[in-house]
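Enquirer: Order-wise, the sequence lines are chains G and U. Quick note: my numbering has the first sequence finishing at residue 461, numbered continuously throughout. Quick note: my numbering has the second sequence finishing at residue 446, numbered continuously throughout.
Source of the hints: derived by calculation from the structure; they are not laboratory data. Values in this document were obtained by computation on a predicted structure and should not be read as measured data. Quick reminder that beta carbons are idealized off the backbone N, C-alpha and C, glycines included. Treat the hints with caution; some may be incorrect.
To be verified - Between beta-carbon pairs, the in silico distance windows are:
(1) G/Arg110 x U/Arg128: 54 to 62 Å
(2) U/Ser40 x G/Leu266: 23 to 31 Å
(3) G/Arg110 x U/Arg80: 15 to 23 Å
To be verified - Quick list of in silico lysine-lysine cross-link-like pairs, BS3-like style, CA-CA up to 25 Å:
(4) U/Lys30 x G/Lys80
(5) U/Lys334 x G/Lys40
(6) U/Lys180 x G/Lys322
(7) G/Lys213 x G/Lys398
(8) U/Lys30 x G/Lys40
(9) U/Lys30 x G/Lys265
(10) G/Lys117 x U/Lys15
(11) G/Lys322 x U/Lys334
(12) U/Lys299 x G/Lys40
(13) G/Lys165 x U/Lys334
(14) U/Lys338 x G/Lys117
(15) G/Lys418 x G/Lys307
(16) U/Lys254 x G/Lys117
(17) U/Lys13 x G/Lys117
(18) G/Lys117 x U/Lys334
As the list claims (entries may be wrong) - Covered by chain U, per the in silico footprint, the following chain G stretches (three or more residues, Cβ under 8 Å):
(19) 35-49
(20) 59-65
(21) 72-82
(22) 219-231
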Amino acid sequence: MLKQTTAERVLDAAVSGGADFAEIFLEHTGRSQISVVNGKVEQAFGGVEHGAGIRLFFGSQAIYGYTNDTSEEGLIRTAKEAAAAARGAGGVQMGDFFHRRRPNINPIQRYPSGVAKQIKAELLLRASRAAFSYHDLITQTRCTAVDVEQSVLVVNTDGLWAEDKRVRSRFSIEAVASEGGQKQSGYTAPGGSVGFELYDKIDVEEEAERAAKTAVTMLGAQLCPAGRMPVVIDNGFGGVIFHEACGHGLEAAAVARNASVFAGKLGQQIASPLVTAIDDGTIANAWGSANMDDEGTPTRKNVLIEKGVLKTYLVDKLNGRKLGLASTGSARRESYRFAPSSRMSNTYIAAGNSRPEEIIAQTEYGLYAKQMGGGSVDPATGVFNFAVLEGYLIRNGKITTPVRGATLIGKGAEVLMKIDMVGNNPARAQGMCGSISGSIPTDVGQPMIRVSELTVGGRRG
Amino acid sequence: MDILFFEQELLRKAKEYGFTDSEVLFLGGKEFEVLVLEGSISHYENSNRQGIAFRGRICDREGSAYTEELTQEAILPLLREAAENAALTEPNDTVLFYGAEESYPEFAGYNTHLNALSAAERVEAAKRMEAAALDEENVAAIDYCVLRTHETEVALSNSRGLALSYRKNGVDAYVCAIAKDGQEIKTGDMFWAGNNWNEFDPVATGQEAARRAASLLGAQSVPSGSYEVVLDAEVMAALLQAFCGVFFAENAQKGFSLLGGKTGEKIAADCVCLRDDALLENGFASVPFDSEGTACRNKTVVENGVLRTLLYHRLSAAKEGVLSTGNGFRAGLKAPVKTACTNFYLEKGILELEQLLGALTYGLYITDVTGLHAGTNAVSGDFSLSAQGYLISYGEKVHPVEQITIAGNFYELLQKIMAVGIDLHFRKSGIGSPSVLVCDLDIAGM
Numbered sequence: 001m002l003k004q005t006t007a008e009r010v011l012d013a014a015v016s017g018g019a020d021f022a023e024i025f026l027e028h029t030g031r032s033q034i035s036v037v038n039g040k041v042e043q044a045f046g047g048v049e050h051g052a053g054i055r056l057f058f059g060s061q062a063i064y065g066y067t068n069d070t071s072e073e074g075l076i077r078t079a080k081e082a083a084a085a086a087r088g089a090g091g092v093q094m095g096d097f098f099h100r101r102r103p104n105i106n107p108i109q110r111y112p113s114g115v116a117k118q119i120k121a122e123l124l125l126r127a128s129r130a131a132f133s134y135h136d137l138i139t140q141t142r143c144t145a146v147d148v149e150q151s152v153l154v155v156n157t158d159g160l161w162a163e164d165k166r167v168r169s170r171f172s173i174e175a176v177a178s179e180g181g182q183k184q185s186g187y188t189a190p191g192g193s194v195g196f197e198l199y200d201k202i203d204v205e206e207e208a209e210r211a212a213k214t215a216v217t218m219l220g221a222q223l224c225p226a227g228r229m230p231v232v233i234d235n236g237f238g239g240v241i242f243h244e245a246c247g248h249g250l251e252a253a254a255v256a257r258n259a260s261v262f263a264g265k266l267g268q269q270i271a272s273p274l275v276t277a278i279d280d281g282t283i284a285n286a287w288g289s290a291n292m293d294d295e296g297t298p299t300r301k302n303v304l305i306e307k308g309v310l311k312t313y314l315v316d317k318l319n320g321r322k323l324g325l326a327s328t329g330s331a332r333r334e335s336y337r338f339a340p341s342s343r344m345s346n347t348y349i350a351a352g353n354s355r356p357e358e359i360i361a362q363t364e365y366g367l368y369a370k371q372m373g374g375g376s377v378d379p380a381t382g383v384f385n386f387a388v389l390e391g392y393l394i395r396n397g398k399i400t401t402p403v404r405g406a407t408l409i410g411k412g413a414e415v416l417m418k419i420d421m422v423g424n425n426p427a428r429a430q431g432m433c434g435s436i437s438g439s440i441p442t443d444v445g446q447p448m449i450r451v452s453e454l455t456v457g458g459r460r461g
Numbered sequence: 001m002d003i004l005f006f007e008q009e010l011l012r013k014a015k016e017y018g019f020t021d022s023e024v025l026f027l028g029g030k031e032f033e034v035l036v037l038e039g040s041i042s043h044y045e046n047s048n049r050q051g052i053a054f055r056g057r058i059c060d061r062e063g064s065a066y067t068e069e070l071t072q073e074a075i076l077p078l079l080r081e082a083a084e085n086a087a088l089t090e091p092n093d094t095v096l097f098y099g100a101e102e103s104y105p106e107f108a109g110y111n112t113h114l115n116a117l118s119a120a121e122r123v124e125a126a127k128r129m130e131a132a133a134l135d136e137e138n139v140a141a142i143d144y145c146v147l148r149t150h151e152t153e154v155a156l157s158n159s160r161g162l163a164l165s166y167r168k169n170g171v172d173a174y175v176c177a178i179a180k181d182g183q184e185i186k187t188g189d190m191f192w193a194g195n196n197w198n199e200f201d202p203v204a205t206g207q208e209a210a211r212r213a214a215s216l217l218g219a220q221s222v223p224s225g226s227y228e229v230v231l232d233a234e235v236m237a238a239l240l241q242a243f244c245g246v247f248f249a250e251n252a253q254k255g256f257s258l259l260g261g262k263t264g265e266k267i268a269a270d271c272v273c274l275r276d277d278a279l280l281e282n283g284f285a286s287v288p289f290d291s292e293g294t295a296c297r298n299k300t301v302v303e304n305g306v307l308r309t310l311l312y313h314r315l316s317a318a319k320e321g322v323l324s325t326g327n328g329f330r331a332g333l334k335a336p337v338k339t340a341c342t343n344f345y346l347e348k349g350i351l352e353l354e355q356l357l358g359a360l361t362y363g364l365y366i367t368d369v370t371g372l373h374a375g376t377n378a379v380s381g382d383f384s385l386s387a388q389g390y391l392i393s394y395g396e397k398v399h400p401v402e403q404i405t406i407a408g409n410f411y412e413l414l415q416k417i418m419a420v421g422i423d424l425h426f427r428k429s430g431i432g433s434p435s436v437l438v439c440d441l442d443i444a445g446m
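Produce the entire structure from the sequences given, and follow the hints as far as they go.
Expert: See below:
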């Protein structure tokens, strides 16, 4: 992607202002997206993103610049502009580049760019038909297939020369059911660091039926009662609770500026002893996996919380400097347009011992959140909220009527302590996580868990 | 490669390739950003960006593609991508390419004074903003303090001789303060945007964020139930932003809005007037033309509660045999042309915020909501959002309120607005609202 002599000249220009570290991130990304609405191709587009980001460190200060002009002149101009912004006395001596190689953890069988768009569109049309034929109440569908092939190169003044190719594919369907002016929707969106073989692993018609089933079920749902109650959160995307309530607070970027409730708590009990939580960027072909992070550090499996005790933060180079911690291979960014920051990859609560049936049976009254929507959190206070897409009331240890319009709110630190049952049925699900370094693919995951008490926001008092 | 030359080459080669119509949208930009933490720069960014989005008609179908590689070699793969995308769609007779309109509005979104600002002046302002916030009582730390200046250039040309361009620039500043009292932590933020540097007061901006954070200390929840509520201007604007899509003809046609066929009908309380004004002076979303080359203007969407028009781009307009309202935009190179608002706002009334609060005998003043991307259902209009604010009794603040959710339905909310304040406030998106008094909203708390 880049000539070695060019890289040397650009890094030289970058450290000319006295920086003690400089890095080039070069990216070339092809993307294709097809959307089918109500059984017709509505949008098909694709193209190329191409550019480079140059980053300098002066101690714990960072300077970043990016450009689409990746010619040697363009890169040197960007490097010089960045260098001019800072005054330092440091400067570094560059050695030879070390070309880092390791076995590919995300082997690709069929590159999506080699598959005719017509074939992808055909899958979406099949999914749409399956949703409509599931039930007469299904009135709209929206199906999308996205695939991305991102080639990145990271070169830095430590002599690192590391390349990665990230291939990701994802299918999504939203089905809407309507009756008497009411509309409810169901959604699934499986994906992975895989090529077109994604469609060998999932059955788009089954996915469509699942989305349609949620929509139809929720159409018959009552408004969710509001108040504080025990909440059972199912496996898979239910892990978004941990992602939002805890994961973001463990990012070194929040910890370093003392804007996390978990700052200064390494080694302390921050969760119920039933909770072990892991961030693992090395799970083969998982949605949030990569061979290296966006600073070129190999990804790895990080145990964040072990039996409730905080073991590590998610650390990138810059915030690692501020905290005196080594990188955990957790620096990620949406594209060259963003400086990297500490982020999650595939984050999940590890399996416990309870059987799901037993968790429900031991809950006298509460909410069963079968499918979660997205959410957000204020890392400084840990206050989070997220939507329940499909929920049911639990009465006398049994799942009863479906309820709609519920949200869960609470404080991360408190909820972690209140997890009183952890199931033995772990699963992961895919999401897009938005934060300071852009929108990136991440897996969330957990077995079924129970929180002894949470505030449920609903429309019925 | 020179951008004008690239565009001409692309249009020429598109014709050779077999495109009967073609269009190139160029988006270029410069951005400067500085983040300050504890008096020194923690992040500093200086960037340049350019790329093009192409769309064309081939074999009676339309296809799109984009690239950030503006080189001779990038042209053919781009055209091939667009042609392959076109082949997936059904042939149609709706031609969405037009020559220039007779006239376009004057546009003054570029302030040359901003260019004269030195990097040091911008950094200094960010530092003063942080220091002012830190100086306030109970403020323990600054979560985020950023100042950004940006410049965008948009050019649109097509095979029918259209050639339009504009540029605009601006500054925005954002500070989020953390207030602490014992174990209790609260955040408060303040955002400022504009393109007149002289109007920016970094100290006042920092102080306001700090005061917002500190004023929430001592917050408690309230019992669940139905409450009379005043939604702060920022909160109402955030709700309008989450649900503005219900006013798009594109969504109504697809069944994703309940407002289809409701033009001329009463859909909101009498005091509700909504506008989409692309030409608003100093508006964050002001533009002279949209991404399809339609001249932009000021439209009345809802007048005294009656729906006057939905918003159209060329495709949705063609479906109903009407004219585009100039609301066809690409959110970026990667985004297809979709309907989008410009400066979309609830028109202000005559009451001061204090008067609205005075109308609450026992109610809530909601100053902040979170979870808009998750807790709203754009199809049904339902929302359920984490919120904070103050408990109000006879216009007086009783105590700050936290750990509650507000829940309701956007369509019903429009009917439940009892009074509209005078304090019209715009978000960075160009969507704005004054504070509003709402007769009842469901609150989940203790």
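Enquirer: State for each hint whether it applies.
Expert: Evaluated hints:
Remark: the range hint 54 to 62 Å for G/Arg110 to U/Arg128 is upheld by a beta-carbon distance near 56 Å. Our hint of 23 to 31 Å for U/Ser40 and G/Leu266 holds, since their Cβ atoms are close to 25 Å apart. Separation of G/Arg110 from U/Arg80 is about 20 Å and conforms to the stated range, judged on CB atoms against 15 to 23 Å. Taking the CA atoms of U/Lys30 and G/Lys80, the gap is near 16 Å; set against the 25 Å cutoff, the hint holds.
Under the criterion of a C-alpha separation no larger than 25 Å, the hint pairing U/Lys334 with G/Lys40 is consistent with the structure, at around 21 Å. For the hint linking U/Lys180 to G/Lys322, the alpha-carbon distance of about 23 Å falls within 25 Å, and the restraint holds. Only pairs whose Cα atoms come within 25 Å are accepted, and G/Lys213 paired with G/Lys398 is accepted, the gap being roughly 20 Å. Under the criterion of a C-alpha separation no larger than 25 Å, the hint pairing U/Lys30 with G/Lys40 is inconsistent with the structure, at around 38 Å.
Our distance criterion of 25 Å between C-alpha atoms is broken by U/Lys30 and G/Lys265, whose separation comes to about 41 Å. The hinted pair formed by G/Lys117 and U/Lys15 meets the criterion: a straight-line CA distance of about 23 Å does not exceed 25 Å. With a C-alpha separation of about 36 Å, the suggested pair G/Lys322 and U/Lys334 falls outside the 25 Å cut-off, and the hint is violated. Among the hinted pairs, U/Lys299 with G/Lys40 is inconsistent with the structure: their alpha-carbon atoms are about 32 Å apart, more than 25 Å.
Between G/Lys165 and U/Lys334 the alpha-carbon distance is near 21 Å, which keeps this suggested pair within the 25 Å criterion. Our distance criterion of 25 Å between C-alpha atoms is met by U/Lys338 and G/Lys117, whose separation comes to about 22 Å. Simply put, G/Lys418 and G/Lys307 have alpha-carbon atoms about 13 Å apart, close enough for the 25 Å limit, and the pair holds. Taking the CA atoms of U/Lys254 and G/Lys117, the gap is near 24 Å; set against the 25 Å cutoff, the hint holds.
Among the hinted pairs, U/Lys13 with G/Lys117 is consistent with the structure: their alpha-carbon atoms are about 23 Å apart, no more than 25 Å. Distance hint between G/Lys117 and U/Lys334 is fulfilled; the C-alpha atoms sit about 17 Å from each other, no more than 25 Å. Check on the region 35-49 of chain G: 11 of its residues sit with their Cβ under 8 Å from a Cβ of chain U, so the three-residue criterion for coverage holds. Counting residues of the region 59-65 of chain G whose beta carbon lies closer than 8 Å to any beta carbon of chain U gives 6, which reaches the threshold of three, so the coverage claim holds.
Residue count for the region 72-82 of chain G with a Cβ under 8 Å from a Cβ of chain U: 3. That meets the three needed, and the coverage hint holds. With 3 residues bearing a CB less than 8 Å from a CB of chain U, the region 219-231 of chain G meets the requirement of three and the coverage assertion stands.
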